[in-house]
Structures are given as C-alpha cells and as structure tokens.
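*Asks:* Please dock the two separately framed chains into a single complex, following the hints provided.
So the protein sequences, as listed, match chains C and Z.
Under this note's numbering, the first residue of the first sequence carries the number 1, and numbering increases by one thereafter.
Under this note's numbering, the first residue of the second sequence carries the number 1001, and numbering increases by one thereafter.
It is worth saying that the hints were derived from the structure and are not from the lab.
Being a predicted model, the structure only gives us computed values, none of them experimental.
There is no bait here: all hints are sound.
Under the rule of at most 16 angstroms between Cα atoms (straight-line distance), these lysine to aspartate or glutamate pairs were calculated in the EDC-like manner:
hint, chain 1, residue 1, chain 2, residue 2
1, C, 32, C, 98
2, Z, 1042, C, 129
3, C, 83, C, 112
4, C, 77, C, 112
5, Z, 1042, C, 69
6, C, 172, C, 158
7, C, 139, C, 112
8, C, 151, C, 173
9, C, 50, C, 173
10, Z, 1042, C, 128
11, Z, 1109, C, 67
12, C, 105, C, 180
13, C, 137, C, 112
14, Z, 1109, C, 69
15, C, 106, C, 180
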Amino acid sequence: MRSALTLNSYAQYFFHKLIKYLLYIYAMVVTKYNTPFPHYVFTNFLASKKYSSLKRAVLNLKYTRFDSDLFSFYQSKNLLISKNKHIMQFCNTLLSQDLEVLFNKKLNGVVDVSAFIYKQSDYLLPHDDLITEADKKRKLAYIFYFSTLKKSQGGSLDLFSKNKVVKSMSPKENTLIVFDVSRHSFHQVSEVFKGKRVSLAGWFYG
Amino acid sequence: MGSISLNQIASQLQKRGYIEIPHFLSQNTFAFKPKRQVIIGKHSVSIAPSPKYLQQYLSSLLGHKVVTKLIVLNHGDYVLLNSSLLKPFRGLIDLSDAKNTTGYLGFIKNQRETLQRYPTPKSLFLYTLPNPFIKYVDARVKGQVRYLFFA
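Same shape as in the complex, but just chain Z (with noise of 0.2 angstroms):
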C-alpha cells in the first residue's frame, strides 16, 4: 500500500464522496465456495467466505470489528438499486480477476449514475456516496468480479 495519510483520505472522502487506493492487495488469490443467492428484481449474486486474513487486517486497520460480504459476480449477475444488499457497506477490497468492461459499481443521484467504478484487481475503494449498485456483468466479461464489502 502506498503512503497516504488518513488525514487525507477523509479529506478526498469529504470533498469527491469516495477514494480509490490501487495496488493496496500484493495478492489476489484464495480459495472460497460461493453460494448463490438470486432474489428476483433484487440481484443475482454468489456470496463466498470472507477470507480471514483480509478481515483482521481491515479491522487492524479501522480499529474496530467489521462486518464483510464476498459478493462475487458471473455472467448474468447483477445487483439492483432496490436491493438491500449493499446497504450496510462503505467500503470494498477488489479481488476481482482482471479488468472488466462492466461489473462496475455505480452509483445514482437524480436518476443518473454519478459515478462508474470499474473492476481494479488488489485495489481499496472507500465511499460515503448513497445508492449503490453493480451494473450487470455482460458476456464480454472475461473471469469474475469480487468485491469484499465492509463496514
């Protein structure tokens, strides 16, 4: 992770409503078992085991206990504004497999995506931006996308 303060991460937090810290994981990989979990008109996810080491660090980190989701996404997936998914979250580790052309985060202010967050591999993403959603993972997609969500 490179040098930058808290200090200025709140600052960038306050000013833009989000930071994106890249290169924050030096590796990707792990094992996990996802389950699906589709509620119609909602989303269309799986959810894997929050790796372990990632939570103590994240909680190291922030100096208190967080909560996490693994929400990993294939073809078709895809979670809606309407969905209470989400909502407890304010930050997430991408551990997604490569770039991807959609799969972004996004989010809406009056009626329009304000903001487009695409798939980084390794990178941090923090935000107090409001209703968040992940666009739906297209057939161009190569590989998933994994987001850890915590809060």
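One chain only, chain C, in its complex shape (with noise of 0.2 angstroms):
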C-alpha cells in the first residue's frame, strides 16, 4: 500500500514538471517593458499549426527588393489586400490583443501588415516611425518572426535612447513585439551577417 502511494506521488510530481515544462514551451508569455520605451513581447504568439501555415504562406509570397538611403531588404505588397485564410487570421489575432488597455490608446481598429527578408548585409537603420498626418496617425509598431538568429548573425531589433542603442533583441520565432511611436522610438534593424530574417511588420492606426 506504502509503495502504491509513493509511486503515485511520484507520478503526480513527473506530471505536473511536465505541465509546467510543455506550458513554457507552447503557452503564450506576455512581458512588458518601460524602458526606453514602451514595448511588449509576446513569446509563442501562435499556436503550432497556425504558425506554421502562416509561416509556409508567407515564404510562398511574391517580395519586391527596396534599396535607399535608409534600408535594404525584400518587401511583399501591402497583405491587407491578401485574400490568403492565415494572414486574414493573423490580423485577427492581432487586432484581438486588447492592446488599446495594454498601452493605454486609443486604436481605430486599422493596422498594416507586410512581410520583410533582410538577407546577408540588409539593414534598417534608426527612425522613429512616426507619421502624424491625421489620416495615418501611427501609433503602435509590431513585428512578428519567423526566424530565431544568434545574437552574433545580426538583424536584432535595437531601440535607442539619447543616440545609443540601450536594447537589442535578437529574432526569436513566433514572437510578436509591439512597441509604442512616438518621437522617442527610435528604433533600427542591425545589419544581418549570417541567415534570413522573416518577419510580418506594421503599424496599428489611430
């Protein structure tokens, strides 16, 4: 009797580790930061499988190259006119986030989404993103990835204070990070070295 209980309260403990170690693994975290500026991060943003069908039909779209003074990188069109079921969905999921609570704005329910590759030697480099025509009042920026790089391949995203860079976070897959515009966020993509990096980027309008 003594060997039957002892065996079940080992069970119940490998159980619940399990739990707890398939919830890190799968479950979504929410962090939030103050610091330069307000930005969140959403690890494990997407199911599995919807993840990984989104990230098969944005690897099957169409990219243009765009090279200027500030940028290099491959940009699809605007995929709001997409008529693809798992982007649709994305943009539901995003629009579903509460993120008018989260960063205390008011949201008109627009947001724009594109899909970018920095390849080897692409960049983008520090600009705030703020546009204040009243008909394009930017005021939350988002990426979500598709590629995990090491810190050493380049492509994090950096944000500034006072012309330095205080953050850099490295891509991290089926992660969302939203951030606030403003014309404190400042904000770069770093050269990328080695690898691809995928990512669907925007802005939510207000």
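*Replies:* In structure tokens, the structure reads:
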C-alpha cells in the first residue's frame, strides 16, 4: 500500500513537471517593458499549427527588393489585400490583443501588414516610425518573427535612447513585439551578417 | 591630374549633373584624428581636420576661399537624405582607402536613386545634382571611406 502511494506521488510530481515544461514551450507569455519606451514581447504568440501554416504562406509570397539611404531589404506588397486565410487570421489575432488597454492608447482598428526578408548585409537604419498626418497616425508598431538568429548573426531589433542602443533583441520565431510609436521611439534593424530574417511588420493606427 | 579644360568640366556638369576626374591626387596619405558625430535618424560619421595642402590647392584652383569637411566613414556609418551634413557642398576629393562595395555617394530623384558614386581613391568628383546621401557602410567594406567635401 505504501509503495503504491509513493509511486502515485512520484507520478503526480512528474506529471506536474511535464505540464509546466509544456506550458513553457507552448503557452504564450507576455512581458511588459518600459525602457527605453513602452513595448511588449509576446513569445509563442501563435499555436504551433497556425504558426507553421502562416510561415508557409509568408515564405511563398512574392517579394520586391527595396534599397535606399535608410534601408535594404525585400518586402511583400501590403498583405491586407491578400486573400490568404492564414494571413487574415493573423491580422484578426493581432487585432484581438487588447492593445488599447495594454498601451492606454485609442486605436481605430486599422492595421498594416507586410512581410520582410533581410538577407546578408541588409539593414534598416535608425528611425522613429512617426507619421502624424491626420489620416495616417501611427500609434503602435509591431514585428512578428519567423526566424531565430543568434546575436552574432545580426538582424536584431535595437532600441535607442539618447543616440545609443540601450536594448538589443535578436529575432526569435513565433515572437511578437509591439511598441509605442512616439518621437522617442528610435529603433533599427541591425545589419544581418548571416542567415535570413523573415518577419511580418506594420502599424496600428488611431 | 589629366588634361581637361574648365570648359569641358562646365559642359559635363551641365549635361549630366556630375563629373569624375580620376587620378586627381598622386598620393593619399596623411594623419588625422577624427571626432565622432552621431545624430540618430540623420547621420553617423566621424569628422577629421581637412588637410591644409588640399584646402590651399582647392582655393587656388577655384579662385576663392573654400569651405571643406573631411567625412570619415567606418562600418556602420552613413549619412541619410534628411541630414543637412552634405547640404553646403558641391564636390569631393576621394581619400578612401580602397574601392569598396558600399559607402557610396548616392543621389535621389523622384524617390529613386539616380546615381551611385562608389569610392574611387584619389579622384575628384564635382556635382550639381541635389539630394545627396552616403550609403550605409556594411561589414563587407575593408578599410575606411573618406570624402573631403568642399564648396
């Protein structure tokens, strides 16, 4: 009897450990940061199957090369006009995140979405994303990753304060980052040294 | 410097908006101590003292006192279109280490690059085209990009 009880408690112990591990791997975790400007990081944003379907859809898109003083990358067209159901589902998931509450900002339900690929030597130089024309007020910016890159591979999202990079986040797949757009929200995508950085990105308006 | 008349220079400038005179300098070496100048969202460069002998030569060539700025770019440096750093200038002497794949002087017209002028050591480049910028110097570049801008 005593042995049976011991075995049962061990089983329970490992069962709880397993659940905790699975939650860590598969459950969405939301972390808030305030410096250098407000931003949230959502890890494991999508369920595994939805993520894989969306990734396949994004990798099959048509991309155009863009090269200017500020950036070098490949970009898809605006995906809001896409009829792909996985991309539409992603947009709906984005819009359902209660970001008005999280950021204490009024949003109008309009979101942009394009896909970006940064290859070796591609980059996006420091800028604040701020557009203040009445019909195009960007309130929040977001990036959703399909790549995981090490620090040494580059392609990090760097946040600035007083002309210096104070936070550097390397891409991690199935991670969503949302940040406040303001005249202080200077950020860049650092040069990619190795590998490919694939993402969806855009803005929420208000 | 090869034989090219001022009239030919003026004619090319009028027709194309720029002219490159290669092998303008016979030598390229000098010592300098650059100072960092970074304005986020505008430019990231180093500024070095301009070689006096080049300032004097340009003054005698142009017939007036010149304003110069020696801009030095390493990996990660750039000058964006909305920076006013290059606004006063209309020419440069290229003091770069070697030909590089990026760090070029670009010009924008109708939201597109109309010209990409790659580093060409020891050459003189004059331009009347508006909206210059200097492209980000990426990790493939070996050595420094250095432009002595003048007006």
